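Using the sequences and the hints given, assemble the complete structure.
Chains as they are written, first to last, in the numbering used here: chain A, 1 to 161; chain B, 162 to 727; chain C, 728 to 1077.
Everything labelled a hint here was simulated from the structure, so no lab data went into it.
One or more hints might be untrue.
Stated by the list, open to error - In silico contact screen, one side only, chain B against chain C (beta carbon under 7 Å); selected entries:
#, residue
1, Pro446
2, Val722
3, Pro725
4, Phe727
Stated by the list, open to error - PhoX-like mimics (lysine-lysine), calculated; alpha carbons at most 20 Å apart, straight line:
#, chain 1, residue 1, chain 2, residue 2
5, C, Lys936, B, Lys715
6, A, Lys129, B, Lys620
7, B, Lys348, B, Lys702
8, B, Lys383, C, Lys936
9, B, Lys394, B, Lys484
10, B, Lys620, B, Lys645
11, A, Lys90, A, Lys129
12, B, Lys348, B, Lys398
13, B, Lys218, B, Lys169
14, B, Lys603, C, Lys936
15, B, Lys665, B, Lys675
16, B, Lys394, B, Lys383
17, A, Lys129, B, Lys626
18, B, Lys355, B, Lys383
19, B, Lys675, B, Lys348
None of these values were measured; they are calculated from a predicted model.
Just so you know, even glycine gets a beta-carbon here, dropped at the ideal spot from N, CA and C.
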Amino acid sequence: MSSLPSSSRGRGRRIKVLVAKMGLDGHDRGAKVVARALRDAGFEVIYTGLRQTPEQVAYAAVQEDVDVVGVSLLSGAHFPLMRRLIAKLKELGAEDIPVVLGGTIPVIDVEPLKKMGVREVFLPGTSLKEIIETIRRLAEERRARGETLAVSASRERGQGD
Amino acid sequence: MANLFDEKALKEIAEKYTEWEEKIVPEWLSRLPERQKEFTTLSGIRVKRLYTPLDLKDFDYLSKLGFPGDYPFTRGIHATMYRARLWTMRMFSGYGGPEETNKRLKFLIEHGETGLSLAFDYPTLVGVDPDDPMAEGEVGVVGVSVPTLLDMEIIFDGIDMGSVTTNMTINPPAPVLLSFYVAAAEKQGVPYHKIGGTTQNDPLKEFIAQKSYVFPPEPAVKVAMDLIEWSVKHLPKWNPISISGYHIREAGATAVQELAFTLADGIEYVRQLIARGLDVDEFAPRLSFFFAAHINFFEEIAKFRAARRMWARIMKDWFGAKKKRSMWMRFHVQTSGVSLVAQEPWNNIVRTAIEALAAVLGGAQSLHTNSFDEPFRVPSEFAAKIALRTQQIIAYETGVADVVDPLGGSYYVEWLTDEIEEQAWKYIDRIERMGGMLEAVKNGYPQREVMDAAYRFQKEVEEGKRLIVGVNIFRSEDIEEIRKVPLLEFDQREIEERQKKRVKMVREMRNKQKWERALNELRRAAERGENIMPYVLNAVKAYATLGEIMGTLKEVYGVYVEPPEF
Amino acid sequence: MQLAINRVMGVLSPSVATLIEEARRGSIRAIGRILTLLEEPDQTSLSILQHIYRYSRGAQVIGVTGIPGAGKSTLVGKIIGEFRRRGYRVAVVAIDPSSPLTRGSLMGDRLRMQEHATDPGVFIRSLPTRGLKGGLSVAALAAIEAFDAFGYDKIIVETVGVGQSEVDVMHAAHTIVVVTMPGAGDDIQALKAGVMEIGDIYVVNKSDKPEARQTYEYLSFALEKEEVGREAPGWTPRLLKTSAVMGQGIKELVDTIEEHHRFIHKTGLAAKKVVERRALLAKLIVESIIARYVDEAFGGLVERIVKAIEGNEPLPNIVMEALREAAKRLYEDVRSGTDGGSKANIPGCS
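So, in structure tokens, the structure goes:
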């Protein structure tokens, strides 16, 4: 019976996630495995490809209006890159989009990263299940807050020609 | 024919085997069931409970194994292997600027090292200068930053480049880095015939796995072949390419895929070089390989043995090589980085030791052992020392190096070697039908295969079908323990600023006319399809920077953007 | 202003009105949010559309379609660059084919256009072929309206061009560019199907390949014989060569796209297309809403229908019963919606 179509009313929009690689490192195994796992969990996933600047990632997140940005970094450059990403999201009036990070991140860096505004850091060995559940929770929390529809124009600079 | 077992013996063994299977085994199983229904290697090869001569029924000793130092080299490329000379313990490392590296190299030389190995930072690996906006935060992190000839001169300041050999893990910008090296050696007065070392220079695996690509596949291969051709003619002691399965494996491939794709890459390069009019026996002895040693012990050993046999066949039967050296598969091994985990990181020392042992039992020519802290950062000296000591313990204490190919003749290892070989040939056949590896890479075939395998593996870990101690069995939640790992500390920003300043200084101080002319000539040579090596060397000598040379070539060849394959 | 909006619309909530104002001032954040709101037909999306129609500046909608692997995304990336050099603001609706039948979607089309991501004059939005509640075509056509209203001069819609939704979307384009590449004749045969046979401009991409010439000649012949190509009085379909990777032929392609733009303006086709496009969107919205009722009715009836079929009941009876059920629900909602007074509550869009 379940194979026949049933009403889709009442079901929410799919959770939309941007999976991004920033900087020059080409290790995309983790990013792609996570992207696939998110897709299989029913998410709408957008992958930016390699060698992105934090600014490119921020613009993509805002243009696509994603619920969560997931970054994978194995280059050791997580501090400068995440700082730029979070600053750019803020500048674009999108600081409500939670940012999560995975890769080769030393434990001692987790707290400073969180202070900087990274919502969650996934250490090597984190299970896909845990990543999926965390992203789902962050997305739902954000939606529950009413998806802050209005954006303060004063926060935005340099938009449009 | 030199079958290992005669008909009569096999018949007797078969009878006994049936008896064992039907009477003894069920009795044991009823009392003590096996841990799993099915046991498989990491490549998914199902392994049986027991291997016997019956699994090697038609095993022809001479055609399958032969003797070490002789065709098909299954047991080793040298007759005496480690009894004469141990493998080279080649520890690849590096961070910071040229000054730090110079100091480190001098330290190593003082302690008897002559085989140096340079790791480069990401900006260097993808051919951009330290002041490129993309380089922020990455200068000097995972290796040394070398954007100009001056940097190379500083690295080798006070080191006689004629008496050391240097391995350079560099790919798309390999012609530039080799030119830095050659120009620096020339300035020291070292003649070409004394310049020795290796450039990784393996473009195809960049598209499949490592993803430090710059140019699209065709020009990328062309540039790599330019380097090989030039070095065969001018640098008799240089190994121009290290055909690498390591990165393919690390990106998620199985052992079988690693083997098959690496050989298929090698086949593509050999064809390209022959098409340039080179004689196979002229360049083949210079080809070297690079594999991973993962944690599934016997599968890795079998893979190395199969690799040697397959390459010897390919060179002899497909390409008509005459010299033995042309049929040798010489290879470097690195233990698996992805097998290391953050949980209870000290355990990584044990993993690395087991993997290193597999490399030695597989007959590697050189070996790099990873440090236990690598899930977090480039290794600290403390961790790197343990990694080196691991190799020394295997070499000097265990006795495994005292007999050539000690596992040869094991029913299981020989069966597994055959099995891996057979499966790898199937992949190679498929790639051949696609028109070779360059074509296969262009249509994304190996990329998809590797991604699928990576995802499959991760799912198996999630489902508990693959167990990792501390991760999904005997799970450790002890963050404090991880905190105790002493990590390498260095002032990255200072290095980045220093490197930015130096590259600016070089740009200001060089002879503008000479520099401009050299880059223009390089562009025209690339447009005409000539071998670019002499022009790159010329540009390097005019102090053109890495970013400028690569930028000029990008204008001609284009820039690769990966298709969205998942 | 806010009051004025409310008087006209009756239903535009203050926060949405603010969002529209910010979008009109060029906030990409606001545009991004609005596109999400427009993905599914409901009270909010209809009021937004109703409101923004007036801001249309007659942007040229360019459909880029063609066989997979022809290099569409890379080509679109280059077209964006050329349009930007000419001073246009460019929006892209990237319809990503990489969505499997089940589960979610995984999209990577914008990967080839990411070099333009930080350009404030460029906006790229991805849409999956499956999984959107109101259907792909509704989301895509509504996005076109939004981009038109928010000051983008060129709106590029990139799609593989298979499936009814994608064909619908292409019919909304002023200018259709069909991209092909050198190679097997099968690919050319594929051009004689659906939307690909009604191109205004045909492009042989990857023209640096040796087989390009043959493909070009074949296509040129097909166009001459009018086997493919959308004929309009005054416009003969064009055939061009490009190499997107090497950046060759892009200028000529963009010249031709602009030439077509001038042509449709001169002939009045441009304005006609906007009306057609909006009519199509209205029709698709109605269809999408009705479909929800059918879905719902069917959902409630599933067991009965299965039983009826097992019991060999006549098919017309089964169909009539399902229709009655759907119509009943729809009628009830429509009545309660209109009974509410001046507010036009759209059924199924609560």
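How the hints compare with the structure:
no.: 1; hint: Pro446; result: violated (35 Å)
no.: 2; hint: Val722; result: holds (6 Å)
no.: 3; hint: Pro725; result: holds (2 Å)
no.: 4; hint: Phe727; result: holds (5 Å)
no.: 5; hint: Lys936/C <-> Lys715/B; result: holds (19 Å)
no.: 6; hint: Lys129/A <-> Lys620/B; result: holds (10 Å)
no.: 7; hint: Lys348/B <-> Lys702/B; result: holds (10 Å)
no.: 8; hint: Lys383/B <-> Lys936/C; result: holds (16 Å)
no.: 9; hint: Lys394/B <-> Lys484/B; result: holds (18 Å)
no.: 10; hint: Lys620/B <-> Lys645/B; result: violated (30 Å)
no.: 11; hint: Lys90/A <-> Lys129/A; result: violated (29 Å)
no.: 12; hint: Lys348/B <-> Lys398/B; result: holds (18 Å)
no.: 13; hint: Lys218/B <-> Lys169/B; result: holds (11 Å)
no.: 14; hint: Lys603/B <-> Lys936/C; result: holds (14 Å)
no.: 15; hint: Lys665/B <-> Lys675/B; result: holds (17 Å)
no.: 16; hint: Lys394/B <-> Lys383/B; result: holds (17 Å)
no.: 17; hint: Lys129/A <-> Lys626/B; result: holds (15 Å)
no.: 18; hint: Lys355/B <-> Lys383/B; result: violated (26 Å)
no.: 19; hint: Lys675/B <-> Lys348/B; result: holds (18 Å)
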